[in-house]
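K.L.:
Let the sequences and hints guide you as you build the complete structure.
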Amino acid sequence: MNMERLFIITQHFDSTWKKFGLTEEDLRKLQDNLLFDPSQGVTLTKKGVRKTRFAREGRGKSGDTRIVYVDFPHKKILFLLTVFLKKDQENLTNLEKQQIDKVVTIIEENL
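Residues 29 to 139 (our numbering) make up the sequence shown, in order.
The hints are simulated quantities; they were obtained by calculation from the structure and are not laboratory data.
If you're wondering where the values come from, they're calculated on a predicted model, not measured in any experiment.
Every residue gets a Cβ at the ideal spot worked out from N, C-alpha and C, and that includes glycine.
Warning: the hint list may mix true and false statements.
[Claimed, not checked] Simulated pairs of lysine-lysine, DSS-like, Cα-Cα distance not exceeding 27 Å: (1) Lys74 / Lys103; (2) Lys103 / Lys47; (3) Lys104 / Lys130.
[Unchecked claim] Beta-carbon label-pair distances, calculated as ranges: (4) Lys115 / Asn61: 32 to 40 Å; (5) Arg56 / Lys103: 27 to 35 Å; (6) His40 / Lys115: 26 to 34 Å; (7) Lys115 / Asn138: 32 to 40 Å; (8) Asn122 / His40: 26 to 34 Å; (9) Leu113 / Glu137: 17 to 25 Å; (10) Glu136 / Lys115: 27 to 35 Å; (11) Asn138 / Thr51: 29 to 37 Å; (12) Glu137 / Gly49: 29 to 37 Å; (13) Arg56 / Thr133: 26 to 34 Å; (14) Ile37 / His102: 17 to 25 Å.
P.N.:
The following block contains the structure:
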């Protein structure tokens, strides 16, 4: 399902994305994937934060990059919250999930 979305990129996401050597072209590819299916991946938290796979050029999805985001379909806004490499971290810790949910609560209060 192709939908319209405004992508909000957090400062943390942006700096980590660049640190991993991901490009603007990679970002456009990610955004296209999320536009096609904003509910892809798995739900991580009660606030609807999701994690999906993303493959850099020449790499497979299963072992590469993980994208953490939250979508607000009623507002047509999707926040890219953080990104990490599977080789560095398998998943978010419970504390990280709680912290992200706090950020999402603040976002919700201001939408």
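K.L.:
Which numbered hints turn out to be false for this structure?
P.N.:
2, 4, 5, 6, 8 and 9
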